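Undergrad: Protein chains in written order, with UniProt numbering: chain A, 1 to 314; chain B, 1 to 513.
Hint data in this document are derived by calculation from the structure and do not stem from the laboratory. None of the values given here were measured: they were computed from a predicted structure. All C-beta atoms, glycine included, are put in the ideal place defined by N, C-alpha and C. Careful: at least some of the hints might be erroneous.
Some, not all, of what chain B presents toward chain A, calculated at C-beta under 10 Å [said to hold, decoys possible]:
| hint | residue |
| --- | --- |
| 1 | V156 |
| 2 | H157 |
| 3 | T168 |
| 4 | I179 |
| 5 | S274 |
| 6 | M278 |
| 7 | H297 |
| 8 | F301 |
| 9 | L345 |
| 10 | T352 |
| 11 | C444 |
| 12 | E445 |
| 13 | D496 |
| 14 | P498 |
So these bits of chain A aren't anywhere near chain B, every CB distance computed over 12 Å [to be verified]:
| hint | residue |
| --- | --- |
| 15 | F52 |
| 16 | L138 |
| 17 | A172 |
| 18 | N199 |
| 19 | Q252 |
| 20 | L270 |
| 21 | I282 |
| 22 | M306 |
Simulated coverage check for chain B against chain A, where a stretch passes if three residues somewhere in it have a Cβ under 8 Å from a Cβ of chain A [as the list claims (entries may be wrong)]:
| hint | stretch |
| --- | --- |
| 23 | 159-167 |
| 24 | 259-272 |
| 25 | 485-495 |
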Amino acid sequence: MSTGILLQLAQTLLAILLAPLLMGWVNQCRAWLQGRSAPPITQPYRTLKKLFHKDAVIAHNASPLFRFAPYMIFACMALAAGIVPTIANDLPFSPAADVIALVGIFALARVFLALAAMDIGTAFGSLGARREMLVSFLAEPALLMVFFTASFIAQSTELPVIVATLAHREFAIYPSITFAAVAFWMISVAENARIPVDNPGTHLELTMIHEAMILEYSARHLALIEWAVALKLFTYSALGIALFVPWGIAAQGDLAALPLALLAMVAKLLLGGAALAFLETISAKLRLFRAPEFLGTAFLLAVLGMLIHFLLEV
Amino acid sequence: MKIGEHDWHLEPLGKHIWRGRMEAGQLLALSREVKEEGGQLIALWGSDDRHLAGGFGIHAALLTSSGLAWVSSALAANAPAYPDLAHIFPQADRMQRATFDLLGITASDAVDDRKWLRHGAWPANVFPLRKDFDASLPATHDTDAYPFIRVEGDGVHEIAVGPIHAGTIEPGHFRFSVIGERVLRLEQRQGYTHKGTEKRFEGMDLATGAKLAGRVSGDTHSAYAWAYCMAVETATASAVPERAVWLRALFLEIERIANHLGDLGYLGNDVALSFGFMQFWRLKENWLRLTAKLFGHRYLFDCIVPGGVAMDLSDSGRAKLALEANRIETEVRSLKAIYDEHATLQDRFANTGVCKPDLAARLGLTGLAGRASAQAWDARAQFPQAPYDQLDVSMSTQRRGDVLARAEVRFTEINESLRLIRDLLARLPAGDIHTPLKPVQDVCEGLGWVEGWRGEVLVAVRIGADGRLDRVHPHDPSWQNWPLLEVGQLGNIVPDFPLINKSFNLSYSGPDL
Numbered sequence: 001m002s003t004g005i006l007l008q009l010a011q012t013l014l015a016i017l018l019a020p021l022l023m024g025w026v027n028q029c030r031a032w033l034q035g036r037s038a039p040p041i042t043q044p045y046r047t048l049k050k051l052f053h054k055d056a057v058i059a060h061n062a063s064p065l066f067r068f069a070p071y072m073i074f075a076c077m078a079l080a081a082g083i084v085p086t087i088a089n090d091l092p093f094s095p096a097a098d099v100i101a102l103v104g105i106f107a108l109a110r111v112f113l114a115l116a117a118m119d120i121g122t123a124f125g126s127l128g129a130r131r132e133m134l135v136s137f138l139a140e141p142a143l144l145m146v147f148f149t150a151s152f153i154a155q156s157t158e159l160p161v162i163v164a165t166l167a168h169r170e171f172a173i174y175p176s177i178t179f180a181a182v183a184f185w186m187i188s189v190a191e192n193a194r195i196p197v198d199n200p201g202t203h204l205e206l207t208m209i210h211e212a213m214i215l216e217y218s219a220r221h222l223a224l225i226e227w228a229v230a231l232k233l234f235t236y237s238a239l240g241i242a243l244f245v246p247w248g249i250a251a252q253g254d255l256a257a258l259p260l261a262l263l264a265m266v267a268k269l270l271l272g273g274a275a276l277a278f279l280e281t282i283s284a285k286l287r288l289f290r291a292p293e294f295l296g297t298a299f300l301l302a303v304l305g306m307l308i309h310f311l312l313e314v
Numbered sequence: 001m002k003i004g005e006h007d008w009h010l011e012p013l014g015k016h017i018w019r020g021r022m023e024a025g026q027l028l029a030l031s032r033e034v035k036e037e038g039g040q041l042i043a044l045w046g047s048d049d050r051h052l053a054g055g056f057g058i059h060a061a062l063l064t065s066s067g068l069a070w071v072s073s074a075l076a077a078n079a080p081a082y083p084d085l086a087h088i089f090p091q092a093d094r095m096q097r098a099t100f101d102l103l104g105i106t107a108s109d110a111v112d113d114r115k116w117l118r119h120g121a122w123p124a125n126v127f128p129l130r131k132d133f134d135a136s137l138p139a140t141h142d143t144d145a146y147p148f149i150r151v152e153g154d155g156v157h158e159i160a161v162g163p164i165h166a167g168t169i170e171p172g173h174f175r176f177s178v179i180g181e182r183v184l185r186l187e188q189r190q191g192y193t194h195k196g197t198e199k200r201f202e203g204m205d206l207a208t209g210a211k212l213a214g215r216v217s218g219d220t221h222s223a224y225a226w227a228y229c230m231a232v233e234t235a236t237a238s239a240v241p242e243r244a245v246w247l248r249a250l251f252l253e254i255e256r257i258a259n260h261l262g263d264l265g266y267l268g269n270d271v272a273l274s275f276g277f278m279q280f281w282r283l284k285e286n287w288l289r290l291t292a293k294l295f296g297h298r299y300l301f302d303c304i305v306p307g308g309v310a311m312d313l314s315d316s317g318r319a320k321l322a323l324e325a326n327r328i329e330t331e332v333r334s335l336k337a338i339y340d341e342h343a344t345l346q347d348r349f350a351n352t353g354v355c356k357p358d359l360a361a362r363l364g365l366t367g368l369a370g371r372a373s374a375q376a377w378d379a380r381a382q383f384p385q386a387p388y389d390q391l392d393v394s395m396s397t398q399r400r401g402d403v404l405a406r407a408e409v410r411f412t413e414i415n416e417s418l419r420l421i422r423d424l425l426a427r428l429p430a431g432d433i434h435t436p437l438k439p440v441q442d443v444c445e446g447l448g449w450v451e452g453w454r455g456e457v458l459v460a461v462r463i464g465a466d467g468r469l470d471r472v473h474p475h476d477p478s479w480q481n482w483p484l485l486e487v488g489q490l491g492n493i494v495p496d497f498p499l500i501n502k503s504f505n506l507s508y509s510g511p512d513l
């Protein structure tokens, strides 16, 4: 049990510390693909350090919620990062929440972010909050459908069971999972405010979704939110890995498999990050009202995955 | 010269440029006839003529079927007023308001008499462009009451953007009235970069004036500098060597290509296609670096001077320029193929920010944006000054009037400019590049008219008997085109505004004189 707790702590800390690195890697790949020289991979850490050293500027009419929200958002993302198995499976935290509760944790962070955005009362904050809600209320059901597809195969909504079923039992190919994987990719793009749904690099305040919500944040608050954004991307990547390419994650109690599991995870994240950067480079941002079509397609694919499971795999 | 039924007694001032004076009351009749035959009001400005034994003056530049007509009316020294032209040419509205702010000349019966340039920076009863203005007066810090037009109704709310933006861009205020994401009305407020440019011209010598004219709007340097020099050369009846005129055209086309490349990159960036942004800006940067190497400045600052040009082109420079022009042509062709085949980008560009041709004609849309809405005016093609009269410029037009059409016009114009550059390089005449201006004997005036990359640039100059500048009015095409941005945005959604705005890419500094 104590090794389990140690492992759990190590895994969560690793996720928190390494999440900005994934962000840096994606940014680097994007720069290369666009034909410009890339910032160093550690650039996100430098940004965080810079932000933590600054004095916070807070609007006069900000309520305590505005100050409190960044900590809440960061905590939610750190918790989510602890639940999703990245290196070792079935750690002590895992039974705390199944995939449905995980969706709830993401939703909790989002509610706080949207409330904080509207708290100041600027036009851009509410604009961003409104758009974020539009995107997320379409993305959430689709995400649940993806999880259900995987749960039907594993006969459980617990992530460790799903991972164990897919990774450690006999090798089988599930057509339903393929559909779910494509749907999951589309949802992740929308939830992480990436192109083609949102543009994390824009300075055009009227086009922003996520960025518009955090325009009023500065210094340590902004640092926590930026870090949470990196953590969210990391957690979604880890989720994708756990659901669709779980091979390499160490089974419960299998300490010898840990080094290999770590290597496998790094390799998968590098590949996934590069793929994200590639898809972002070749696509342009959708008109805002095309985002529902995009997410509708994701929902449809997830439902198709479920149907295929019943048609072919039961 | 006859316009409509009447002879308005206009005298030729330069090639395709006419000059006339009339009673203020006749301005209305003239404007109506110009409008009738499909012409436009290009510029409207005022002047303080009291030191020349007059009162004030109101000036209008009208585009007619036989060229540009510059007409002036003398106004009384006390309570100067002229008839409102905005009900014939809506584009006159902001120019009339600016004229009042600077000179206290009123357009009688004008519907809109809100301040445009003042922004409470000087007392309301003081007019800085009058000759008796006392610049030592302390600045005021009033706030003008500036009522925006409100849209009422259930669920309608306002989004106020600017003048300070999230990025490093010029200041302008945009007031959106929206329902959900749909824009019901957009109203602009500008004048934040008012810097007293016209006042600064007063008393300047002619050579320094060229430098200031070029800096009215930095991205249109060559067009302004050329228009100013054309005006000064007309005023002093000085001739310019042929080689200098050809080099000026070369500078103008270089400037056009640099700006169009930059804009096409920005259009890609605004739909988050950073690849396009980086590629077009690589081309632009190489182009600017070559320009810096050949002519000493990336944006050709101060290359055009009164009497000719300051920088010559060597034979090796000619070859380098031709080589780079060929390279740009190939690269732009392949980038255009990428833009053309990118489904999301096309979806964003097409049917976004539409300015229909009839509306564009009614409101006086001009220049590049005008040509994308079937307003087929290009001074280089219809009323060519030397050397364009020997180059046979082909104008590019579109009818759709959306973002895509404005991008298409830019692509076509890049190709045409590259062709012109090759032509200019091949036929560049030999000889001097500069002759001194003739000395000024008496008060004289001139007008320069150049098709810059954004649209036609106009500079009107009056030189005093002492040989120094007395009144200079530089006119930017953005004056006419800003109101069309308000129209183009209607019915579109808020997040498409930056894209529509960029497809016009209008100047703030140019009109905020």
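Undergrad: For each hint, tell me whether it holds in the structure or not.
TA: Structure-based check of all given hints:
1. V156: violated, 13 Å
2. H157: holds, 8 Å
3. T168: The hint holds - B/T168 has a Cβ within 10 Å of chain A, the shortest such distance being about 8 Å.
4. I179: violated, 12 Å
5. S274: holds, 5 Å
6. M278: holds, 5 Å
7. H297: For B/H297, the interface hint is violated, since the closest Cβ of chain A sits about 25 Å away, which is over 10 Å.
8. F301: violated, 27 Å
9. L345: Holds - the Cβ of B/L345 comes within 10 Å of chain A, reaching about 5 Å at its closest.
10. T352: Holds. Min distance 8 Å.
11. C444: For B/C444, the interface hint is violated, since the closest Cβ of chain A sits about 48 Å away, which is over 10 Å.
12. E445: violated, 44 Å
13. D496: With a closest approach of 7 Å, the B/D496 hint holds.
14. P498: holds, 4 Å
15. F52: The assertion about A/F52 holds, with a minimum of 22 Å to chain B.
16. L138: holds, 15 Å
17. A172: Holds: least Cβ distance 36 Å, greater than 12 Å.
18. N199: Its Cβ does come within 12 Å of chain B, the nearest being 4 Å, so this is violated.
19. Q252: Non-interface label on A/Q252 holds, nearest chain B Cβ at 43 Å vs cutoff 12 Å.
20. L270: holds, 21 Å
21. I282: Violated, because the least Cβ-Cβ distance between A/I282 and chain B comes to about 8 Å, which does not exceed 12 Å.
22. M306: The claim stands: A/M306 keeps its Cβ more than 12 Å from every Cβ of chain B (closest is about 29 Å).
23. 159-167: holds (count 6)
24. 259-272: With 4 residues closer than 8 Å to chain A, the stretch 259-272 of chain B meets the three-residue bar; holds.
25. 485-495: holds (count 3)
Comparing the model with each earlier hint shows violations of hints 1, 4, 7, 8, 11, 12, 18 and 21; every other hint is respected.
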